[in-house]
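There are 2 protein chains.
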Amino acid sequence: MTLLNSKPRVAFIGLGIMGNPMAGHLLSAGYPLTVYTRTHKRATELLERGATWADSPAAAAKVADVVFICVTDTPDVKSVILEEHGIINSARRGLIVVDHSTISPSATQAMAKALAEKGTHLLDAPVSGGDVGAKNASLSIMVGGERNAFEQVFPILQKMGKTITHTGPSGSGQLTKLVNQILVSVTNLAVCEALTLAKAGGLDLKKTIDAVAGGAAGSWQLNNLGPKMIAGDDAPGFMIDLQLKDLRLTLEAAEKAGVNLQAAGLVTRLFETAKDRGLGKAGTQALFHVVSQD
Amino acid sequence: MTLLNSKPRVAFIGLGIMGNPMAGHLLSAGYPLTVYTRTHKRATELLERGATWADSPAAAAKVADVVFICVTDTPDVKSVILEEHGIINSARRGLIVVDHSTISPSATQAMAKALAEKGTHLLDAPVSGGDVGAKNASLSIMVGGERNAFEQVFPILQKMGKTITHTGPSGSGQLTKLVNQILVSVTNLAVCEALTLAKAGGLDLKKTIDAVAGGAAGSWQLNNLGPKMIAGDDAPGFMIDLQLKDLRLTLEAAEKAGVNLQAAGLVTRLFETAKDRGLGKAGTQALFHVVSQD
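Sequence lines, in order, name chains A and B. Taking our numbering, I'd label the letters of the first sequence as residues 70 to 363. Taking our numbering, I'd label the letters of the second sequence as residues 70 to 363.
Hints were generated in silico from the structure; no laboratory data involved. Small disclaimer: the values here were computed from a predicted structure and weren't measured. Honestly, I wouldn't trust all of these hints.
For identical chains, the list gives no copy identity; a pair is met inside one copy or between any two copies.
[To be verified] Restricting the straight-line Cα-Cα distance to at most 25 Å, the calculated cross-link-like pairs of lysine to aspartate or glutamate (DMTMM-like) are:
#1 Lys325 x Asp134
#2 Lys182 x Asp273
#3 Lys276 x Glu215
#4 Lys204 x Asp279
#5 Lys228 x Glu186
#6 Lys325 x Asp363
#7 Lys275 x Glu324
#8 Lys350 x Asp134
Whole structure, please, built from the sequences with the hints as guidance.
Structure follows, in C-alpha cells:
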C-alpha cells in the first residue's frame, strides 16, 4: 500500500449545501485545496480562504492526489468523471476519487471499472447527517471500494465525518446509503400515520409523542420530525426532492436485486403526491400534510 | 377528590404473561390482593404468596377498592365487566376499574358509561414494554379517563410502570396505544425492507446496521429486532398474533375516525401472511421472513 503524504493535495468538486462546508473542513485541516463547481460564485469564500480555482474537473484532478465529489445525481457524477473535461482525462496510477454523492450503485461500479483501467481508485462514499452534519463534521460516511484506498483517505474523511464505515467492495457504500434511505423514509411514514390517527382522534399530539417515544415505538424520525409536524414547520433539514431522488435509486436497486419493497414503493408515491402539491423544496416532515390530508 | 387509603384493597383479573408479574408487584408493595383468572393454576404462586382467590370478577370487585384487568381482547374485557358474573354486578360509588388490556377505544367509552351509572370509574390503561417491562416494573402506561380517578391510582400504577401518562378522557389511553402500535409495526416493516435490500445486494448485515443506526435511520426496532432478524431468532418478545390483534383495532379506529392509513394496512396484510405461514406465535421480527421471501 502506497501511503499518501501526510498532507496530500486535495480537490473538491461540487460546492453545494453539503460540499461547501465539507471542503471548508479540509482547508481548515491544512490540506492544499483546489476546487471546481458549476456556479463559480459558490467558491468565493473558499477562494478567499486560500483555495485554488480549477476550470474543470479534469484540471482539478490533475493537481490533486485525492479528488472529492459532492454533486446530486447519477448523471452529474457521470459528467464530472466521464465526460469531455471529466476526471478520467487526468486519471493516473495512484489517484483516488471519493464520491460523496448518493447515486446508483451499478453506475458506480461501471465508473470504478473505467477509472481502474488508468490505475485510479474510485471510492463511493455517500454521507448521511444533512447540512448540519456537514457543518459540524459529524457526518456518517459509508465507503465502498478497495480497502487499501479506503485506508489511505481515512484520515482525510475524519475531518468531515464521525462514523466512517468501510462497507465492502465498489457500490456497497451506495447500497448502504439506499438501505439507510428505506429506514429514514418508511419510519417517517410511520410517524405521519401515527400522528394522523392521534390528531383525528383528538389526542394531545405532544403528550402522545412523550408517552410513546421512550419505548419500542421510538425513533430518530419521531423525536426530530414529529415535533416539526405538530408545529407545521416545513423548513428543510432534508428536502423532499432529494428524498424522492434517493427513493427512485432505491427502487431501481431493489428491482435489479429482484426484491419487492412495498413500503418503500408506497412512501415514494406519497412523496410524489407531496411534490405535486408544491412541497418538493420542503423538508421530509411535510409528508404529514399528504398523509393527514390537511 | 376522595383519596384512597394508603393501602387500598386491590383485585387483579387476568394472570397471563403480563398480568401475573404486574399483580406480583402489587403484592410485593403490600397491597391486600384478590385475584381471579380463567385458569386457576395460573394463580398458584400468588396465592402461596398471600393473595386471596375470588370465584368471579364480580366477587373480586366486591372486596376491592381498585380492580385491575389484564386480558387480551375487547370481548374478554366485555365479559369481565359486563356479563353475568362481571364487575358491573358489584360496581358501586368510588370503585375504580383500571383496564390494562389493549382493546377498542369506542368499546372502552361505552363500558365507562355503563360503569359510571353506578358511580364506578373506568380508566383505560394499556401498557407497552412487553413481558420484560412487566417483570421489571418498567412498563409505559397510557391512561385515559377522569383525572381525579387517575390521581388516586397513580401511586399504585407506579409499582408496575415507569412512564405513566394521563392522556386525556376515556378511550384516549387506548387510542394512544394504537398510535404506539402504528409506530412499532411500520418501523418494523422499515427494518425488514432495509435488511431485505441489504441482503439481496450482498452487504454485511451487521456492519450495515452499525453504519446507519446512529443517525436519522435509527430506531428501537432497528436496534432490537434487526440483530434478531440477522440471526434468524424468532423467539417472541411480542407475538405476531397480538400485533395483528392490535393492528385490527388500529384499522377499525382509523376507519371510525375517517382516516386512511396505507402503511398500517400494508403491514397488517404482511403480518397476516406471516400468520398463514405458521408464524403467529413467533416474535414480530419474524416478519422479515415474509418481506425477504426467505
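Is it within, between, both or neither when you check Lys275 against Glu324 at 25 Å Cα-Cα? between (39 Å within a copy, 23 Å between copies)
Intra- versus inter-copy proximity for Asp363 and Lys325 (alpha-carbon distance at most 25 Å): Cα proximity of Lys325 and Asp363: across copies only (18 Å, versus 37 Å in one copy).
How would you classify Lys325 and Asp134 at a CA-CA limit of 25 Å: within, between, both, or neither? neither (34 Å within a copy, 63 Å between copies)
How do Lys228 and Glu186 come out at 25 Å by Cα distance, when the copy is not named: within, between, both, or neither? neither (30 Å within a copy, 69 Å between copies)
Within a copy, between copies, both or neither: which one fits Lys350 and Asp134 at a CA-CA cutoff of 25 Å? Close neither inside one copy (36 Å) nor across copies (58 Å); limit 25 Å.
At 25 Å max between alpha carbons, let me know whether Lys182 reaches Asp273 within a copy, between copies, both or neither. between (55 Å within a copy, 22 Å between copies)
For the identical chains here, do Lys276 and Glu215 meet the 25 Å Cα criterion within one copy, between copies, both, or neither? between (49 Å within a copy, 16 Å between copies)
Intra- versus inter-subunit Cα pairing at 25 Å for Lys204 with Asp279: between (30 Å within a copy, 23 Å between copies)
Violated hints for the displayed structure, listed by number in ascending order: 1, 5 and 8.
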